[in-house]
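*Asks:* So you can see what is in the structure, the chains are spelled out below.
Number of protein chains: 2
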Amino acid sequence: MRRYRKQDFPTHNVRRFLEPGPIVLVSSAHKDQTNIMTMGWHMVLEFSPALIGCLISGGNHSFDLIRDSKQCVVNIPTVDIAETVVKIGNTSGRYIDKFAEFGLTPKPGTHVRAPLIDECYASFECTLADAGWVNKYNMFVFEVVKAHVATSPKVPKTIHYRGDGEFMISGEETARFRKLFRPGML
Amino acid sequence: MRRYRKQDFPTHNVRRFLEPGPIVLVSSAHKDQTNIMTMGWHMVLEFSPALIGCLISGGNHSFDLIRDSKQCVVNIPTVDIAETVVKIGNTSGRYIDKFAEFGLTPKPGTHVRAPLIDECYASFECTLADAGWVNKYNMFVFEVVKAHVATSPKVPKTIHYRGDGEFMISGEETARFRKLFRPGML
Chain A
27 MRRYRKQDFP THNVRRFLEP GPIVLVSSAH KDQTNIMTMG WHMVLEFSPA LIGCLISGGN
87 HSFDLIRDSK QCVVNIPTVD IAETVVKIGN TSGRYIDKFA EFGLTPKPGT HVRAPLIDEC
147 YASFECTLAD AGWVNKYNMF VFEVVKAHVA TSPKVPKTIH YRGDGEFMIS GEETARFRKL
207 FRPGML
Chain B
27 MRRYRKQDFP THNVRRFLEP GPIVLVSSAH KDQTNIMTMG WHMVLEFSPA LIGCLISGGN
87 HSFDLIRDSK QCVVNIPTVD IAETVVKIGN TSGRYIDKFA EFGLTPKPGT HVRAPLIDEC
147 YASFECTLAD AGWVNKYNMF VFEVVKAHVA TSPKVPKTIH YRGDGEFMIS GEETARFRKL
207 FRPGML
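Order-wise, the sequence lines are chains A and B. Sequential numbering from 27 applies to the first sequence in the numbering used here. Sequential numbering from 27 applies to the second sequence in the numbering used here.
Heads up, a few of these hints could be off.
Pairs count within a copy or across copies, as identical chains cannot be separated in the list.
Stated by the list, open to error - Here are the computed lysine-lysine pairs in the DSS-like style, where the Cα-Cα straight-line distance is at most 30 Å:
hint, residue 1, residue 2
1, K96, K162
2, K57, K180
3, K133, K162
4, K162, K32
5, K183, K205
6, K133, K32
7, K180, K162
8, K96, K32
9, K32, K180
10, K183, K162
11, K205, K113
12, K113, K180
No lab work stands behind these hints: they were computed from the structure.
Construct the complete structure from the given sequences, taking the supplied hints into account.
*Replies:* Following this line, the structure appears as structure tokens:
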């Protein structure tokens, strides 16, 4: 599997990758355990600090690791590892080591103990910023404290869940309207 | 502009349209005013009741209409009206009537006073379910109480904001992995 060469990326711009709603892989670590989960329900909440809201169901093994360690990495996979993404979402870290099982490469981050997934196009190191809605909605608010984004290709082929086991693949087709935007609205 | 023929749709399945992260148009009404805003920051929070989280900045004219009326309609536009979507996002309802200005057709809903936009592929009637984070994050939690979805085409060409005035257009390309899902995980 391809590993992406990455560069630092401004955290206030991680919305560029999260706004189109890609499926993401959330990696975590607590004590002697690591895990990966597939997540589809997330949103951008603020530019700076770079806040994102993530829904992580209490039934997931990752829920405990993330709640207890107060950190995670949000990784953005591309279509070439779509099958692996699906398998990660249909197995539990209670029974298997997902990095080993799926041949993924954990890479140390700089701000959190949770490992980056080197086969993903982008990795955002996150710390828990607000646990106020964890009990109510299983909603974690994370601050992206460090962002790593691949240098090429410029536009990643992310995958977007449509239900029934089908994913829309982010198309090459682009609609450009830069001139219609007011300054500050881009 | 094309108007879509729609049918009722189960509210617990509106995630099929919101998970891929499309740009949406939020229509609202309060007293003698209606408005439309373009929104990119939203997520699914729960299947049933069908809850969605939406970030609506306090600077928007729609913010007051929605907070005061406690309702809105989340409409899903397609690429054929992308230019209109951008113009809606770069003007303010304080100065213009956006339905009139952009030639869009308001259509009465069944559960809320806010109008549906008939040129959109889908329209979800929403009532405010939780205002607890409106002051903290400008985050509204809505319950989708009625959903209208076009009967064709089966897969809408939604638009997804990539920044810098560019939108990714939801591709025809589909990756299928139905057989890899555990029952209940689709």
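*Asks:* Looking back at the hints listed earlier, which ones does the structure fail to meet?
*Replies:* 2, 3, 4, 7, 10
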